[in-house]
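> Please construct the entire structure, taking both the sequences and the accompanying hints into account.
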Amino acid sequence: MKREKGRQGGQGRQGRQGGQGRVLQFLSILLVLLNPLPAYPTPQDGHTAVRPYDSRCQTQDIKTLTDRLLRDLPAYANRTSQRARRLSRSTDLYTYVLVAGNPEFEPLTTDPGVYQPKSPQADGEDVQQVFFTTLERQYLKDRAIELQGFHWAFFAKTEDGWRLASMFTRIGDRAGKRPPTPPEETSDGIIAQAIETWLRDCRARSRARDAKE
Numbered sequence: 125m126k127r128e129k130g131r132q133g134g135q136g137r138q139g140r141q142g143g144q145g146r147v148l149q150f151l152s153i154l155l156v157l158l159n160p161l162p163a164y165p166t167p168q169d170g171h172t173a174v175r176p177y178d179s180r181c182q183t184q185d186i187k188t189l190t191d192r193l194l195r196d197l198p199a200y201a202n203r204t205s206q207r208a209r210r211l212s213r214s215t216d217l218y219t220y221v222l223v224a225g226n227p228e229f230e231p232l233t234t235d236p237g238v239y240q241p242k243s244p245q246a247d248g249e250d251v252q253q254v255f256f257t258t259l260e261r262q263y264l265k266d267r268a269i270e271l272q273g274f275h276w277a278f279f280a281k282t283e284d285g286w287r288l289a290s291m292f293t294r295i296g297d298r299a300g301k302r303p304p305t306p307p308e309e310t311s312d313g314i315i316a317q318a319i320e321t322w323l324r325d326c327r328a329r330s331r332a333r334d335a336k337e
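Counting in the numbering used here, the sequence shown runs from 125 upward without gaps.
Hints were generated in silico from the structure; no laboratory data involved.
Heads up, the beta-carbon is just placed ideally off N, CA and C, and yes, glycines get one too.
One should not assume that every hint holds.
Claimed, not checked - Computed Cβ-Cβ distance ranges for the label pairs, DEER-style:
no.: 1; residue 1: G296; residue 2: R324; range: 23 to 33 Å
no.: 2; residue 1: V251; residue 2: P306; range: 14 to 24 Å
no.: 3; residue 1: R331; residue 2: N226; range: 23 to 33 Å
no.: 4; residue 1: Q206; residue 2: Q272; range: 16 to 26 Å
no.: 5; residue 1: K265; residue 2: A332; range: 42 to 52 Å
no.: 6; residue 1: G300; residue 2: D325; range: 30 to 40 Å
no.: 7; residue 1: Q272; residue 2: R195; range: 15 to 25 Å
no.: 8; residue 1: E309; residue 2: L211; range: 15 to 25 Å
no.: 9; residue 1: K187; residue 2: G296; range: 22 to 32 Å
no.: 10; residue 1: Q272; residue 2: R203; range: 17 to 27 Å
no.: 11; residue 1: R331; residue 2: R261; range: 34 to 44 Å
no.: 12; residue 1: F229; residue 2: Q206; range: 26 to 36 Å
no.: 13; residue 1: L264; residue 2: T183; range: 36 to 46 Å
In structure tokens form, the structure reads like this:
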């Protein structure tokens, strides 16, 4: 008798729990029906909505272009670095770009006696100077160090869009214990390659939009 009462009590509890579960399920469905998803704006007049990010490269001013470039530069630079390591099969030393920013557009001035790279001259092209910095982490065999990159880039505006004309870089440790290295041309370096790849993708997006219109 006690076992039968125990079984009956267990069945009763299971029934009550099942009933409570069905009630909660019903309430959840009711809340969804009473709170529909927010409406998103839809294109009007038959035009497709396009994010401002996709605006054409050839019509962007250098400041707008640089802001968008620096936002994406770490990811582009790290992919470029990974490809270079795979090709060289070197795993002893590699650098990971954490962030890029602090753009300056005014021509830089240097102290007397300090080497100042010459701005490249391009016939019929608008050459703009941009200074920016990167924070990088370099992984050695047994430790990691953080470096500050000071980059001096020259962009040429052509009919097809902006292109990287040349680039110079100084490297210093983040702690500032040692002075930065002298300016060195890095037009073929990882950061420059990443910039050229980003500009190429930007021009490709522009051409794709032109083809659709």
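> The structure should be examined with respect to each hint, and the outcome stated for every one.
Verification of the hints:
Distance hint check: the CB atoms of G296 and R324 are about 30 Å apart, consistent with the given range 23 to 33 Å. Evaluation of the 14 to 24 Å hint for V251 and P306 yields a pass: the beta carbon distance comes to about 23 Å. Evaluation of the 23 to 33 Å hint for R331 and N226 yields a pass: the beta carbon distance comes to about 31 Å. Q206 and Q272 have their C-beta atoms about 22 Å apart, which keeps the hinted 16 to 26 Å range intact.
Evaluation of the 42 to 52 Å hint for K265 and A332 yields a pass: the beta carbon distance comes to about 44 Å. Judged by the Cβ atoms, the range 30 to 40 Å given for G300 and D325 holds: they are separated by roughly 35 Å. Distance hint check for Q272 and R195: the Cβ-Cβ separation is about 19 Å, which falls inside the suggested range of 15 to 25 Å. The hinted range of 15 to 25 Å is satisfied by E309 and L211, whose Cβ atoms lie roughly 22 Å apart.
The beta-carbon spacing between K187 and G296, approximately 26 Å, falls within the hinted interval of 22 to 32 Å. Under the hint 17 to 27 Å, the C-beta atoms of Q272 and R203, about 22 Å apart, fit the expected range. A C-beta distance of roughly 36 Å is found between R331 and R261, which places it inside the suggested range of 34 to 44 Å. Checked against the hint of 26 to 36 Å, the pair F229 and Q206 passes, with Cβ atoms roughly 31 Å apart.
Look at L264 against T183: about 44 Å separates their beta carbons, and that is inside 36 to 46 Å.
Comparing the model with each earlier hint shows no violations; every hint is respected.
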